[in-house]
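Heads up: the protein sequence lines correspond to chains U and Y, in order. Going by this note's numbering, the letters in the first sequence line up with residues 10 to 727, in that order. Going by this note's numbering, the letters in the second sequence line up with residues 10 to 727, in that order.
These are computed hints drawn from the structure, not numbers from a lab. Please note: incorrect hints may appear among the correct ones.
[As the list claims (entries may be wrong)] Think about it this way: if two alpha-carbon atoms lie no more than 20 Å apart in a straight line, the pair counts; the simulated PhoX-like pairs of lysine-lysine are: (1) Y:655 / U:655; (2) U:655 / Y:568; (3) U:540 / U:677; (4) Y:130 / U:223; (5) Y:403 / Y:540; (6) U:185 / U:110; (7) U:677 / U:655; (8) U:130 / U:514; (9) U:514 / U:540.
Quick caveat, the model's predicted, so the values are computed rather than measured.
Protein chains: 2
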Amino acid sequence: MRVAEAGQSWFVAGLAGMCIGINAALISIITAWLSDLKMGYCSDGWWLNRQFCCWEIEGDSDGCDSWHPWSPAWAVRWIVYTIFASVFSFTAAHLVRSIAKYAAGSGISEIKCIIGGFTMKGYLGFGTFFIKSMTLPLVIASGLSVGKEGPSVHVACCIGNLVASLFSRYSRSQGKMREILTASSAAGVAVAFGSPIGGVLFSIEEMSSIFSIKTMWRSFVCALMATATLSAMNPYRSGKLVLFQVTYDRDWHFFEIIVFVILGIFGGLYGAFVVKFNLQVAAFRRKYLGSFPVSEAVLLATITALVGWFNRFIRIDMTESMSILFRECQGGGDYDNICQTSEQWTMVNSLFLATVLRIGLVIISYGCKVPAGIFVPSMAIGATFGRMIGIMVKALYRAYPRSSMFAVCQMDVQCITPGTYAFLGAAAALSGIMRLTVTVVVIMFELTGALTYILPTMIVLLVTKAVGDFLGTNGIADEMIRFNGYPFLERDDESYNVPVSRVMKRDIRTLPASGLRVRDIEDRLASTQIKGFPIVSADGTGLLVGYIERADLRHILDKAPHVQDISPDTPCSFLPDEGDQNHASLRVDIPGIAAGPAVGVDDDISMEIIETIAIPNVLKFWPWVNRTPLTVAPQLPLEVVMQLFKRMGPRVILIEDHEVLSGLVTVKDVLRFTVTEQSPARSPWDEREFEGIIEEVWTWTYGRAHAFVSLCRGFVRR
Amino acid sequence: MRVAEAGQSWFVAGLAGMCIGINAALISIITAWLSDLKMGYCSDGWWLNRQFCCWEIEGDSDGCDSWHPWSPAWAVRWIVYTIFASVFSFTAAHLVRSIAKYAAGSGISEIKCIIGGFTMKGYLGFGTFFIKSMTLPLVIASGLSVGKEGPSVHVACCIGNLVASLFSRYSRSQGKMREILTASSAAGVAVAFGSPIGGVLFSIEEMSSIFSIKTMWRSFVCALMATATLSAMNPYRSGKLVLFQVTYDRDWHFFEIIVFVILGIFGGLYGAFVVKFNLQVAAFRRKYLGSFPVSEAVLLATITALVGWFNRFIRIDMTESMSILFRECQGGGDYDNICQTSEQWTMVNSLFLATVLRIGLVIISYGCKVPAGIFVPSMAIGATFGRMIGIMVKALYRAYPRSSMFAVCQMDVQCITPGTYAFLGAAAALSGIMRLTVTVVVIMFELTGALTYILPTMIVLLVTKAVGDFLGTNGIADEMIRFNGYPFLERDDESYNVPVSRVMKRDIRTLPASGLRVRDIEDRLASTQIKGFPIVSADGTGLLVGYIERADLRHILDKAPHVQDISPDTPCSFLPDEGDQNHASLRVDIPGIAAGPAVGVDDDISMEIIETIAIPNVLKFWPWVNRTPLTVAPQLPLEVVMQLFKRMGPRVILIEDHEVLSGLVTVKDVLRFTVTEQSPARSPWDEREFEGIIEEVWTWTYGRAHAFVSLCRGFVRR
């Protein structure tokens, strides 16, 4: 039995992984085709993208006869490019709006909450899955400054949910379903980046609130199967999982740590800046753009295309631009003269513009009503910035090759590799926006294979994390959770100094342990939507006896008429009689604990139980009563209750004062308290005018820059 | 204040990391010198090892004039080699026995328990640290089939403990200390393998029972600082962290999955076999060899040296042998004709012998009374086995190059790379013995940089894990914990179907809330060693009021005489008076929760509190009384209580029946119950004779092989 169960959970995780891999391969193929369509077409067949059109032809950059740009004139090409961008974004936004609203956005925040125990009906349904998979290629191809990683996680979780629903063990158990969702989120990152271990770490560091070795193992299986399937389908025909393989021949030097620190600071500031102003934009969007999601997306795509065309790093695909920026200059790594000393200042300008422009575009685009992630845009921004710094350091070295700073450089070898700075910049920006560390190291490392750069990556992320902590930034996913008001307990522990009795709901509906009839229970169910009822003794003292879930009540009321004679007057019993004592309860409200004879009851078993207990004409609910709900005393500090929720994962905690039920608390109650009592209401938009925002952008940037300059001065003086 | 605290924890983790890095560099240098001393000496200076002796001389394998083997005759060299091995092992075992007994063994099991909350006085002290660091190079150089990774983790934790003890915030808080120990264990693995991220994952997957992002981050900082320090000290003078860098130019083919499955099965069987019989040896050792630890170690080293000399893969250092086995044949990867087709069957024999011999040596050596790890020996065994399989597959390919199985191979390129199988075999064996998965992938990958082999590694580990689960193997660290009877709750959840009342201690010592005098408390402290006292109301009803730690009682009794007049007759109070109501309690027994005004109280603050509350002549203990200890009802299922211990981490849970204290339960009580009630006593040695063991080895091997053959047949037939 145990082996079979374990086998089933492996099988489900593996099957979900395979489906995720297949879906990811399809998305990749369509995305590549649509992206190239903006630039030109293939005369051998309209369904071929540029790569396949020019297959087996050497020097595929320009010298392929079958591939035709739309026009020889750049202005016409520019217009066609913009038109395609608008059409793609219109189609995507329209599909999302009219069929599956949940397909919009990244989805990571919502899935975090779902894994934490929140339910959002339909968020992981087939409609969402289908529309998000369909529109994701359109959005990426439209050139909007958004990525495919967040949506890829969401799509993966939809697949995980749909696959697991086919198995009764999962469809009936929320806890098991959450485990599969965690595993699917790992697979989602794994296929988006071709980084299976990065995916597993992502699921640990970002998604799951309760860590367990079992869940980690399931994530491993799911990510492995997804990556293996993707690799077997080989959508890029390169046979590589690694998106932008780079091999840095040279080692890093200790003097470069100064540059690593600069990159780290950039990452931290970038994260703080984007999180802050993206929230402003989100508030603006909610207030003024709520009814124009399609126009907004089209407008954004058009602006991005019109403006982006003129910058060589924004015009091309973000992943392509990253792979160019990461490369070493030796061995064909040049693109558009990026390696030429004569062009260096033009390049610095161009990279600087790309960085600033892309930051602006990300701030306004992330969160618009199409599938949109923020991983890749952040990395692209970091890469342009890093490469810019790299070119500047290289210029410095060329100008003063004999300076003591460069003493370790040997004259005959290249000392500075700007590509590595681009790589580190990408890591810093990704870490800055998501507040992830270990995951980012592993992802960067699986993306590129740049093994010798593990230590520099870690140093950069150390600085990024320090800057982020100093500025008090949260990850964008957490900020979005807060912005949207989802019930999710954050991880950082604050001290509130209040007893749980101040937070609990006092006015609760209970059921007496005996004396109710079927009619009364139906009435109570009809009169309220709450998810469960504490059961108290019928003698009026209010002694707590147990707790029953609404779903179980409903289930028994629906099933019982098939096995016994039930009339609205049939009495109900929530406590076992003397003769029933040896029956254990089926219900314990803590994920991961099996208690009683038949937990994970599927329909057949529960029918059987109903039959055995359906003796004379009393409807017995007691096997479904959780007779040991988690109870605490009213004076227990709120912090302990929060930890109980986070670490034990119950849906409800009852408050018992001298054996008498005095209240009940759920995660929502705790959150309501922490939001209303502790922090003043946050409303980022707040009726401010546009100039106000511009001024704030300036003040923020200036203020942070100033603080850092003073800090550095302080260090120098000491 | 918050920023300063965060800063301090970064600083402590970083400082510990630096010390760990320095220590690791010293250990590496001494180990290399001692290892070479067995083979010969340097005429330029006795303190030079072979590498430095032959520095700047090309072709360092044989053509270095300053390096002299001990004698031209192989027999003399053999004897000198053996003598050195015995002397090294004698010195190490003697030092361990006479100065620091805790320095023996691996230490991972014990540290796991310490991080889980168990206290072992002196296990992380300076003596242990010093002797373990001193003897580790001797043991490795003696050629015993043991590794340095387990001891390296232990040494790192000693350093973490010593460094953190300098800061009062850590020395007074067990919870904080455990966090630093977790971080140090990450650094220990990081420096042993040069794998910082592997270290962080090790600390998550193996060491910590409660995962938190904060602890993970501290591990990251500590591992980074340790690795960076090691890299700056550059003990190998190679400038590389990567121990055996390999670059596999060629990609893997799907038909190789068959071989990956074989390697995975080997890993699983190897783990099960070694765990089982190493426990037998441990039982034998405890029973018969308890008083001869030094002779045992010397005997083992002598046997290893005498026998190992004749096998080319056992004679040399394990890490060296692995780096030879991992290499591709092209580009100078040949060693002792390992790549020659003519020698292939000799090599297979030699590798097979090395595998079998090393398995035997590991089984008898791991656990002997010197510092000894099992990571590297396992990897070495996996590598010899994998290379053997690789040579066989290559021979198969050479014999039938046109078989359909090899259809994807191109004729002009090498199709089979035996080195990759060695690499995968090493991963499988490591995962089989430790039951780690994600950690092993990352470590292997950081060790070698073989990025294209992530998917194959994951496939191999999937099979290894499946075989291990099928055979019901536990990791060797967990088995050792069970064997030694340490209090540690394992992670797998079993169902016991008993209420906590069957497990609790009923006969407990309590303190009445009032009416006691200082003399009474001194008496009670003297009469018992228990760690804390529940406090019950003084009116005889036994109502639970709170809980106080022994350490806090002691602390107040010691400090109070300095600030107020205390006589043995001074009355004591454990409950606040009316006027004190606004004072919160200082104590909550859950790690990671700050409650009340001054948790993490250091001496100064608590003196201050004593002063403020030392009004008229009553000694007030109440600020130290935890007035909200975790309490549960007697009928709560044992599983829930186990989860409370595991996830919330309290030291004690009180059982309250209708407000009256009825018992108390600790982790030890739970373990005592699970051991005595559930599983029959396990005593692996059991008076059996030697032939019995040999027979059992045979039966086990045959039985497992048979089961697998049937399983495979079943698959083929279907």
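Hint-by-hint comparison with the structure:
1. Pair hint residue 655 (chain Y) plus residue 655 (chain U) holds up; C-alpha atoms about 13 Å apart against a cutoff of 20 Å.
2. The straight-line distance between the Cα atoms of residue 655 (chain U) and residue 568 (chain Y) is roughly 38 Å, outside the 20 Å bound, and the hint therefore fails.
3. For the hint linking residue 540 (chain U) to residue 677 (chain U), the alpha-carbon distance of about 13 Å falls within 20 Å, and the restraint holds.
4. Using a Cα cut-off of 20 Å, the hinted pair residue 130 (chain Y) and residue 223 (chain U) is violated, with the two alpha carbons roughly 33 Å apart.
5. For the hint linking residue 403 (chain Y) to residue 540 (chain Y), the alpha-carbon distance of about 64 Å lies beyond 20 Å, and the restraint is violated.
6. Restraint check for residue 185 (chain U) and residue 110 (chain U): not satisfied, since their Cα atoms lie roughly 27 Å apart, outside the 20 Å limit.
7. Restraint check: the Cα-Cα separation between residue 677 (chain U) and residue 655 (chain U) comes to about 13 Å, which is no more than 20 Å; the hinted pair holds.
8. A threshold of 20 Å between alpha carbons decides the hint, and for residue 130 (chain U) with residue 514 (chain U) the separation of about 25 Å lies outside it, so the pair is violated.
9. For the hint linking residue 514 (chain U) to residue 540 (chain U), the alpha-carbon distance of about 14 Å falls within 20 Å, and the restraint holds.
Violated hints, listed in ascending order, are 2, 4, 5, 6, 8; each of the other numbered hints is respected by the structure.
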